[in-house]
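Visitor: Spelled out, the chains give:
2 protein chains.
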Amino acid sequence: MPLKHPLNSSVIWFTGLSGAGKTTLATELKVKLEQLGLPIYLLDGDRLRAGINADLGFSHKDRSENIRRAAEVAKLFCEEGYCVLATFISPFESDRNLARQIIGFDRFKEVFIHCPLAVCEQRDVKGLYKKVRAGLITHFTGIDSPYEEPTSPDITIYSNEQSVEDAVNLILKKLL
Amino acid sequence: MPLKHPLNSSVIWFTGLSGAGKTTLATELKVKLEQLGLPIYLLDGDRLRAGINADLGFSHKDRSENIRRAAEVAKLFCEEGYCVLATFISPFESDRNLARQIIGFDRFKEVFIHCPLAVCEQRDVKGLYKKVRAGLITHFTGIDSPYEEPTSPDITIYSNEQSVEDAVNLILKKLL
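Going down the list, the sequences are from chains D and H.
Everything in the first sequence is counted per the numbering used here, starting at 169 for the first residue and increasing by one.
Everything in the second sequence is counted per the numbering used here, starting at 169 for the first residue and increasing by one.
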């Protein structure tokens with residue numbers, strides 16, 4: 169597919185804690201970008217973990233492999249001309265760097281969704297924090313597994329302070 | 169994407185020995201199907217082994233994992249409305265059955281590219297058989313690793329007896 173738009177063949181990588189708002193923002197952004205006629209692919213961490221990454225757990229090694237495979241899948245869609253919106257906690261900088269390397273430095277845009285842990289835990293959309301506090305889940309990012317904040321993201325969103333609409337508009341403004 | 173054509177959201181899975189002609193046929197078929205306006209994705213075994221499956225070897229276990237991941241990737245493109253042309257030696261019936269199960273029975277069409285080993289070896293497009301005979305490669309399908317022929321493929325192509333054009337026309341006739 170020939171390039172028609174600067175966002176064709178690109179990957180917008182959303183990183184942040186569980187509950188920070190990665191999927192919410194990516195879903196809204198997808199709607200806006202599709203209105204521009206762009207082919208958009210939403211690559212969701214949970215969906216991959218139910219399929220190609222179903223054999224992986226949450227150890228450091230498995231998290232890395234989770235991100236490596238995600239980046240390879242993103243690359244395949246990217247090479248088909250899609251603008252890929254990838255939503256992965258992706259807590260380790262080394263893994264995000266590997267994703268950038270696999271996908272290509274020019275094609276990879278990192279969006280850090282910043283949100284205080286307490287707010288994520290209060291939202292608890294998937295009920296995961298409750299399970300963590302009940303001791304049913306371990307190796308959970310932000311609780312007993314670290315989240316390394318991006319050191320130089322292309323965009324930072326403060327999802328606790330910005331509305332979804334404002335955040336999406338900011339992303340669009342920065343990317344287009 | 170709404171269904172527009174019976175081959176939208178389908179996977180045509182080419183199985184057969186190395187050198188049987190899987191990629192040649194799929195590449196030709198891609199051209200023909202794209203002329204019908206269908207979104208086609210060529211999912212090639214070698215390409216995946218250079219990316220998402222780069223961590224896998226050729227043991228029975230790794231071959232199975234290779235096919236499992238390939239089927240999951242095929243499913244992602246399939247769900248985007250693509251007609252996926254997947255070319256994998258996929259020597260074990262259990263793995264092809266798993267692929268069919270992952271992708272969905274209605275969406276999965278198995279095309280067996282039949283070709284005598286001696287002919288594949290004579291063609292030796294990638295120079296692999298030469299390496300096998302020199303002892304540089306082991307676990308090679310047809311030589312020291314088995315190929316289980318499909319018991320009830322949707323289509324069988326005898327690539328030693330049919331021209332590429334005739335084979336592609338037969339596949340089109342059977343599928344459309």
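Treat the hints as calculated values from the structure; they're not laboratory data.
The structure displayed is predicted, hence computed values, not measured ones.
Treat the hints with care, as some may be off.
If chains are identical, the list can't say which one is meant, so a pair holds when it fits in one copy or spans any two.
Once the Cα atoms are required to be at most 27 Å apart in a straight line, the calculated DSS-like pairs of lysine-lysine come out as [stated by the list, open to error]: (1) K229 to K172; (2) K229 to K341; (3) K294 to K229; (4) K299 to K341; (5) K198 to K294; (6) K229 to K277; (7) K198 to K229.
Visitor: Could you figure out if K198 and K294 sit no more than 27 Å apart (CA to CA) within one copy, between two copies, both or neither?
Guide: Answer is within: at 21 Å inside a copy they meet the 27 Å cutoff, but 42 Å across does not.
Visitor: State whether the alpha carbon distance between K299 and K341 is at most 27 Å within one copy, between copies, both, or neither.
Guide: Result: close neither inside a copy nor across copies, 38 Å intra and 54 Å inter.
Visitor: Using 27 Å as the alpha-carbon threshold, which applies to K229 and K172: within, between, both, or neither?
Guide: neither (38 Å within a copy, 42 Å between copies)
Visitor: At 27 Å max between alpha carbons, let me know whether K198 reaches K229 within a copy, between copies, both or neither.
Guide: Answer is neither; intra-copy 31 Å and inter-copy 38 Å both fail.
Visitor: As a check of your reading, is K229 near K277 (CA-CA no more than 27 Å) within one copy, between copies, both or neither?
Guide: The answer is within: 24 Å in one copy meets 27 Å, while 36 Å across copies does not.
Visitor: When Cα atoms must be at most 27 Å apart, do K294 and K229 count as within-copy, between-copy, both, or neither?
Guide: For K294 and K229, the Cα distance is within 27 Å only inside one copy (24 Å; across copies 34 Å).
Visitor: Evaluate K229 and K341 at a C-alpha cut-off of 27 Å and name the case that applies: within, between, both or neither.
Guide: Classified as neither; 36 Å inside a copy, 48 Å across copies.
Hint check: violations occur at hints 1, 2, 4 and 7; the rest are consistent with the structure.
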